[in-house]
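Q: Note that the protein sequences, when read in sequence, are chains A and B. Counting from 1, one number per residue, gives the positions in the first sequence under the working numbering. Counting from 1, one number per residue, gives the positions in the second sequence under the working numbering.
Each hint should be verified, as a subset may be incorrect.
Claimed, not checked - Cβ pair distances, simulated, as ranges:
#: 1; chain 1: A; residue 1: ASP251; chain 2: B; residue 2: ASP309; range: 38 to 44 Å
#: 2; chain 1: B; residue 1: LYS297; chain 2: A; residue 2: ARG34; range: 41 to 47 Å
#: 3; chain 1: A; residue 1: ASN290; chain 2: B; residue 2: GLU23; range: 32 to 38 Å
Derived by calculation from the structure, the hints in this document are not laboratory data. Ideal placement from N, C-alpha and C gives every residue a C-beta, glycine not left out.
Number of protein chains: 2
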Amino acid sequence: MPSIPTLSDIQAAYKRIRPFVHETPVHTSQTINRITGSDIYFKCENFQKAGAFKYRGATNAIMALSAKEAGKGVATHSSGNHAAALALAAAIRGIKCYVVMPSSAPETKIKAVKNYGAEITFCEPTLESRESTLKQVVKRTGSVFIHPFDDFNVVCGQGTATLELLNHCSGTDIVMAPVGGGGLLGGTSIAAKSVRSEIIVYGAEPKNADDAYRSLKSGILQPPLKPNTIADGLLTALSELTFTIISKYTDDIFTVSEASIVEAMKLIWQLMKIIVEPSSAVPLAAIIENPEAFRGKKTGIILSGGNVDLSKLPF
Amino acid sequence: MPSIPTLSDIQAAYKRIRPFVHETPVHTSQTINRITGSDIYFKCENFQKAGAFKYRGATNAIMALSAKEAGKGVATHSSGNHAAALALAAAIRGIKCYVVMPSSAPETKIKAVKNYGAEITFCEPTLESRESTLKQVVKRTGSVFIHPFDDFNVVCGQGTATLELLNHCSGTDIVMAPVGGGGLLGGTSIAAKSVRSEIIVYGAEPKNADDAYRSLKSGILQPPLKPNTIADGLLTALSELTFTIISKYTDDIFTVSEASIVEAMKLIWQLMKIIVEPSSAVPLAAIIENPEAFRGKKTGIILSGGNVDLSKLPF
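Let the hints inform the model, and build the full structure from the sequences given.
A: And the structure:
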């Protein structure tokens with residue numbers, strides 16, 4: 001059984017990363033509230049440094065390293081947001097960063113990683129290729145591997161967004177986050193349940209990448225089944241660590257259609273005038289598909305990120 | 001010579017509209033500052049109600065009406081943002097709103113006006129058709145015409161964004177706003193120069209719709225010359241009122257290319273993760289084209305609005 005972070009671990013992470021992260025704003029939309037019959041608070045991690053919540057976890061993992069551990073730099077594999085976040089956090093600590101990325105990653109995400117000064121090694125877009133290429137990079141450089149989500153300190157960092165959200169919105173009934181590898185949902189659910197046990201925590205996942213839903217329902221960690229969704233941040237499957245956390249702290253996971261994700265994304269863009277990536281729109285899609293579960297409730301949503309390729313929009 | 005608002009008129013407007021408008025946030029981007037060598041503060045009127053600064057002027061004009069004046073409603077002609085703003089402000093005061101719009105107006109803007117409950121009469125996309133159609137509407141309904149910019153109270157309302165901006169950013173060297181009909185630049189320049197006379201006020205205008213630039217340079221109000229720009233909020237020409245104000249209070253007007261407008265808009269979308277319409281990007285385009293005028297200076301920019309048709313993006 002992996003060791004699970006507690007609220008005090010997340011609070012310690014917050015103290016550690018606070019000088020380096022944005023305290024992102026919480027936005028609301030009267031029109032979206034009217035459409036959904038709900039009362040929604042959007043925690044804007046699309047405004048976080050490097051454009052996503054991933055910067056919190058990456059910063060916590062990097063700042064927690066001893067000088068000796070950090071000396072040879074850090075490495076990771078990621079389709080995008082974690083890579084950019086780790087690259088920026090490494091640059092701020094002044095250490096090297098090595099990133100293994102699939103050659104199919106969005107151009108904006110590749111560019112961001114390069115701009116932050118990381119060294120990129122491209123691989124095939126399979127988990128196998130990622131992992132074997134990463135092994136070679138770590139062996140060659142002696143760097144420390146920081147996993148995108150299967151990492152105690154990364155999960156703690158991601159949970160800090162919920163500390164800020166709950167601090168801003170008292171009386172929150174429900175907190176919801178998208179779930180891919182489960183780092184965000186894991187940190188979110190520990191933070192929310194530990195701050196106030198009455199808070200209901202939901203995950204939101206594309207139907208076309210529903211391994212977390214199947215894992216939670218079966219009680220056994222399920223493999224992904226050819227995930228194919230516009231929410232490209234949610235393609236990965238849970239790890240043993242995040243599955244253990246989510247099984248313990250998350251009340252349920254909603255799965256949503258691709259059409260609902262695009263509809264929710266369009267509502268956020270048009271009505272809130274903010275840019276979010278498809279993964280961020282998955283929780284609102286869950287509200288649109290299941291309005292009765294949220295009616296009259298105060299729901300906090302983590303808008304996970306805003307890194308989109310503007311030349312490839314779904315509308 | 002038309003009567004020009006003073007700082008105390010704008011302060012009175014602010015007191016009047018404050019319960020009804022959002023105090024919009026001021027955003028910054030380290031990357032845009034690095035690219036431009038400047039220090040830019042973006043006043044996010046794209047987050048204003050109805051998605052644009054126009055709501056300030058419309059609200060001030062409507063809330064300043066006596067009960068008797070307001071009784072038969074208000075009317076206007078507008079290609080979009082003023083119409084939506086007036087419709088919402090009228091709905092909040094509980095009075096009727098009649099809008100004359102060119103049938104070529106963007107669908108999102110037509111929809112917004114309808115959603116706020118205004119009655120739309122479509123006209124040809126010419127100033128003549130707008131004005132004659134409006135005359136008929138006013139005659140038929142007995143409503144009060146609220147001009148989009150050639151109106152004392154509207155100019156005062158638009159100036160309130162600058163009061164908030166300067167209150168938020170002390171030591172601002174330059175304030176810049178896009179210029180179409182001149183309501184925003186007029187209110188902005190009175191507010192900025194009156195709060196602190198050392199502040200430099202610039203207008204920013206598309207080269208392809210440069211009537212304000214030509215008017216300021218010649219000292220004589222110039223007609224538009226077939227304006228054709230992606231910045232569809234800036235197609236209109238100054239009025240006698242706004243020309244008089246801008247001549248007195250604005251230091252200079254920069255004109256920019258269409259390519260720069262699209263480049264600036266893309267930078268704002270990609271790096272700041274916010275949605276702005278092309279008109280809003282015109283001041284940043286002026287900085288990109290004239291970096292030396294802004295280098296090392298603290299520049300406040302009014303991001304005028306965020307109402308775009310997502311199916312018709314320039315990238």
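Q: Which numbered conditions among the earlier hints are violated in the structure presented, ordered from lowest to highest?
A: Hints that this structure does not satisfy do not exist here, as all of them hold.
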